[in-house]
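Once you've looked at the hints, dock chain B against the given chain A.
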Amino acid sequence: MVETWPILSSLIFFPLLGVVFLIGIKQEKAIRIITLIISLIEMGLALPLLKFQLNSAKFQFIEFHPWIKQFHINYHLGIDGISYLMVLLTVFLLPLCVLCSWNYIQKRVKEFHICLLLMTSACIGVFVALDLVLFYVFWEAMLIPMFLLIAIWGGPRRKYASIKFFIYTLAGSTLLLVAIIAFYLKGGTFSIPELLKMDFPFHFQFWAFLAMAIAFAIKVPMFPFHTWLPAAHVEAPTAGSVLLASVLLKMGTYGFLRFCLGLTPAASVYFAPLMIVLSLASILYGGLVALGQTDMKKLIAYSSVAHMGFVTLGIFMFNLRGVEGAIMQMLNHGITTGALFMLVGAIYERSHSREIEDNLGLGKYLPAYMFFFGLFSLSSLAFPGTNSFVGEALVLIGVFEKYKIVGLMAVPGALLAAAYMLRLLQKLAWGEPSKGKNFTDLNAREWLYLVPLGLLVFYLGFAPKLALQTMDKSIQKSLIKVHTVQKSSNINLTLVKKEKDID
Amino acid sequence: MIKNMYLFLPEIYLIFLVIVLFFQTLSKKNLSTQWLSYALFIGLGVCFYSLPAKGLLFFNTYKIDRLSQFFKLLTYLGLTICVLNAKKNPQLTASVKKSDYYLFMCLSSLGILFLSSSIEIFTIYIALELTSYSLYILVPLRSNSPKAVEAAIKYMLYGAVATALGLYGVSYILAVHHTTFLTTLATQNWNFTASTLSIIGLGLFLLSFLYKLSLFPFHFWSPDLYEGTSNETATFAAVMPKIGAVIVLIRLVSFVPCVELKTILAIFAACSMTYGNILALVQKDVKRLLGYSTISHAGYMVMGLVVGTTQGLGSVAFYVFAYVLMNLAIFWVITHLGQDGNNVSIEDLQGLYQRAPIFAFVLAVAAFGLAGIPPTIGFTGKFFLLTSLWGHGFNWLVIIAALNTGIAIFYYLNLVRFAYTKEPTEQELATDFNSNLVAFSLSVGILVIGLLPQNIVQFLINSVSQLKP
Numbered sequence: 175m176v177e178t179w180p181i182l183s184s185l186i187f188f189p190l191l192g193v194v195f196l197i198g199i200k201q202e203k204a205i206r207i208i209t210l211i212i213s214l215i216e217m218g219l220a221l222p223l224l225k226f227q228l229n230s231a232k233f234q235f236i237e238f239h240p241w242i243k244q245f246h247i248n249y250h251l252g253i254d255g256i257s258y259l260m261v262l263l264t265v266f267l268l269p270l271c272v273l274c275s276w277n278y279i280q281k282r283v284k285e286f287h288i289c290l291l292l293m294t295s296a297c298i299g300v301f302v303a304l305d306l307v308l309f310y311v312f313w314e315a316m317l318i319p320m321f322l323l324i325a326i327w328g329g330p331r332r333k334y335a336s337i338k339f340f341i342y343t344l345a346g347s348t349l350l351l352v353a354i355i356a357f358y359l360k361g362g363t364f365s366i367p368e369l370l371k372m373d374f375p376f377h378f379q380f381w382a383f384l385a386m387a388i389a390f391a392i393k394v395p396m397f398p399f400h401t402w403l404p405a406a407h408v409e410a411p412t413a414g415s416v417l418l419a420s421v422l423l424k425m426g427t428y429g430f431l432r433f434c435l436g437l438t439p440a441a442s443v444y445f446a447p448l449m450i451v452l453s454l455a456s457i458l459y460g461g462l463v464a465l466g467q468t469d470m471k472k473l474i475a476y477s478s479v480a481h482m483g484f485v486t487l488g489i490f491m492f493n494l495r496g497v498e499g500a501i502m503q504m505l506n507h508g509i510t511t512g513a514l515f516m517l518v519g520a521i522y523e524r525s526h527s528r529e530i531e532d533n534l535g536l537g538k539y540l541p542a543y544m545f546f547f548g549l550f551s552l553s554s555l556a557f558p559g560t561n562s563f564v565g566e567a568l569v570l571i572g573v574f575e576k577y578k579i580v581g582l583m584a585v586p587g588a589l590l591a592a593a594y595m596l597r598l599l600q601k602l603a604w605g606e607p608s609k610g611k612n613f614t615d616l617n618a619r620e621w622l623y624l625v626p627l628g629l630l631v632f633y634l635g636f637a638p639k640l641a642l643q644t645m646d647k648s649i650q651k652s653l654i655k656v657h658t659v660q661k662s663s664n665i666n667l668t669l670v671k672k673e674k675d676i677d
Numbered sequence: 002m003i004k005n006m007y008l009f010l011p012e013i014y015l016i017f018l019v020i021v022l023f024f025q026t027l028s029k030k031n032l033s034t035q036w037l038s039y040a041l042f043i044g045l046g047v048c049f050y051s052l053p054a055k056g057l058l059f060f061n062t063y064k065i066d067r068l069s070q071f072f073k074l075l076t077y078l079g080l081t082i083c084v085l086n087a088k089k090n091p092q093l094t095a096s097v098k099k100s101d102y103y104l105f106m107c108l109s110s111l112g113i114l115f116l117s118s119s120i121e122i123f124t125i126y127i128a129l130e131l132t133s134y135s136l137y138i139l140v141p142l143r144s145n146s147p148k149a150v151e152a153a154i155k156y157m158l159y160g161a162v163a164t165a166l167g168l169y170g171v172s173y174i175l176a177v178h179h180t181t182f183l184t185t186l187a188t189q190n191w192n193f194t195a196s197t198l199s200i201i202g203l204g205l206f207l208l209s210f211l212y213k214l215s216l217f218p219f220h221f222w223s224p225d226l227y228e229g230t231s232n233e234t235a236t237f238a239a240v241m242p243k244i245g246a247v248i249v250l251i252r253l254v255s256f257v258p259c260v261e262l263k264t265i266l267a268i269f270a271a272c273s274m275t276y277g278n279i280l281a282l283v284q285k286d287v288k289r290l291l292g293y294s295t296i297s298h299a300g301y302m303v304m305g306l307v308v309g310t311t312q313g314l315g316s317v318a319f320y321v322f323a324y325v326l327m328n329l330a331i332f333w334v335i336t337h338l339g340q341d342g343n344n345v346s347i348e349d350l351q352g353l354y355q356r357a358p359i360f361a362f363v364l365a366v367a368a369f370g371l372a373g374i375p376p377t378i379g380f381t382g383k384f385f386l387l388t389s390l391w392g393h394g395f396n397w398l399v400i401i402a403a404l405n406t407g408i409a410i411f412y413y414l415n416l417v418r419f420a421y422t423k424e425p426t427e428q429e430l431a432t433d434f435n436s437n438l439v440a441f442s443l444s445v446g447i448l449v450i451g452l453l454p455q456n457i458v459q460f461l462i463n464s465v466s467q468l469k470p
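Read top to bottom, the protein sequences are chains A and B.
According to the numbering used here, the first sequence is numbered sequentially starting from 175.
According to the numbering used here, the second sequence is numbered sequentially starting from 2.
Chain A on its own, in the form it takes in the complex (with noise of 0.2 Å):
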């Protein structure tokens, strides 16, 4: 395939080109501008990406370089239907997170739109990275900007969030890198590609895995490894929230279903028991917390972990509606906790306060806010009509297929999304004593990125067809290795059996 316009380079270059051009700017507003005339460019050029061919599992858009020959490291590009959607949900988050940070960020506002433009860069490239080395650089190159993003323009506590959450991330993806050399060392190569298409022994994948697993694990992230989530939440500022929430978290879940299925499948399987059990650890741990939380924030920062852990749920389902469900769910978390936090960003600016008790009985005075808030929320729990209860649905569909009774205990965990989310709600449009008299209504900067969101939501919770059909093909790519494995030890099980029966 000769592709004449590298389209996933100039995705990836473009916010460094915008980085280099901001530097020479000084005024604030100017920057504003410019960095949202970037992110519109970007848009622009991310377009040609609907070309994409729904009906194949291949790479596509692929570009290949040398890079380093010496130990076979190339610069190789592509997406398939698994990244495709996440590209698209980082490059239209840029703009919406320029906008919701227009009065919000005073200070140092030049470095802040450059952190922003290079966030993009590295999300981009995990996402697009078909080399496993390239995919670690991405990787680990955006973490250097999310600390910033924190540490800097955070709130009270930023120190101790920002490199809590810096040492959590590194700490889990050191061994991922080993686990990167293995790979080389077993396969002969850093193409992921050709890794996909090897089979390696189930010792070395046991390992593998397990290396892997603690990177992504501490990425998405899954119950005993949460705890920087909500510190990092509650202290980055709304875009930094938004980029954390849609997209880096994406990151970790991406992984599993790129590596650890693809590469690992009979280790997948053989931890796939373990796994469950997190996530439905993840599920209702995160959803009883979340119940708890007086903090606006907070509370959508446990409801994330709860989500998420639906996300891992239908990944180790192995089927197509598990894994299904997950992308969806990957996604729609990505756009409705993403809006989420925008709004909780909007009333901090009036009331400066997150605390539920500051905010309460904003319905008579903030229609269209609460009307935004209401359907997001709605959105959340996963009401029929709103995107996120398509993901729901297959994810559960997709457990009751194989085990009735995770699914049973799943179920409780979309039930407290209910209760904290609606508890949430009602205070904060019917709570009494109001202070909403002083304060004013979504302007429309506010609209102009809370609209998008919205039709996204309605979109895909009334046609995710499209949305599905991108990725079909390669999930059920992705899920053929895993089900020959799981064949092959469902026979050497019965064959087991009729030994025994004979005995």
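Note that these hints are calculated values from the structure, not bench results.
Be careful, since some hints might not be right.
A short list of chain B residues far from chain A (calculated; beta carbon distances all over 10 Å) [what the hints assert, rightly or not]:
| hint | residue |
| --- | --- |
| 1 | Ser144 |
| 2 | Thr185 |
| 3 | Thr406 |
| 4 | Arg418 |
Computed Cβ-Cβ distance ranges for the label pairs, DEER-style [unchecked claim]:
| hint | chain 1 | residue 1 | chain 2 | residue 2 | range |
| --- | --- | --- | --- | --- | --- |
| 5 | B | Gln459 | A | Val451 | 47 to 55 Å |
| 6 | B | Gln428 | A | Glu531 | 42 to 50 Å |
| 7 | A | Val451 | B | Gln428 | 57 to 65 Å |
| 8 | A | Leu191 | B | Thr180 | 58 to 66 Å |
C-beta atoms are modelled at their ideal positions from N, C-alpha and C, and glycine is treated no differently.
Just chain B now, kept in the frame of chain A:
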């Protein structure tokens, strides 16, 4: 003989500079030494010109090959930056002239040039002594500082013992193999059971270089030296001796496939990186912190020596290059920050982003590089080392090295955090264009070579493959 002297060009040029400096020191007037930096830039050109040179000199004790020429270029680069860095040196002892200071710097570097080409054990030994003795003189040159003297004494005593042991080891090698030429030694049997004595001897000889590298357990001098001596000398002492030590280690290890020795090296490496990183966590003085970080980096470098394959040794050479660039960058910032020559504590970094934005950027790049975060040369170097080590029976070392990144990130991140997130308490830092330019080009080097290492890696691996018999 004479017709081959062009091979010796980088050394001749530096000897010439040393002679000029020597005559300057004789003069009673305090003559300007401005010319030296320009002369060294020419020297860089000379080195670059003689990069492809090849040949044997001085009765086969002196080998000019691509590896040696690369390390000479690196030495010149380090020396140039160190001289530029020491232009001010506000705490130079009153009785010492600038030219004295530079004289010993150049002499020490001359020793490193010799080290990178010597292939005969006594030549190596003499070159090593030239390097060390010049440095022993440089270290205490800090006015009214008992700590500097303490550091110098520690450094010298340790050095004396280490080299004495090394020499003792040489006697074993000589006794068993009856030769001191590395080329002949390479053809001997280095099996542990067959020649136990000579392996022990070689181990002792290696020790005198591991000491230079400040590998655990020969590291005790390093933090004290960094903290005690002046910022300018610390820059030199942190960077230059490492270049000399590594080139000799690469040459020695390239022909010894003895597993016992390697296992010991591997254990030292593992201890070194863990020890260095853990102790660095609690340091307040930035130079002392870097002293401990050097110990951990010595561990990383030895990792490549443990493998001993072409790829491994090439990776070590690359890592030294990375180490030199990153340390020069971070020390450049520190030296310019402590403008009155005082030590810089972490608190002094507060608000650097406003006081000197370029320095803050360079500090961040260097710190992330030292921590091994992509896309810097530090990550690339570490990645090459880990890749070449995996699958040679030392997988545990790879895992320890990878986990160490997780420990190390805390204190490097702390530097960046202080520089970027705290508000400044002092006024703007007066920086001139030239120092900004040097700092910036170092950081660009760290980033660009980190992303595009292809040519240099190729060069190094090719040149290392010529070492193997």
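**Asked** Which earlier hints can't be squared with this structure?
**Response** Violated: hints 3 and 4.
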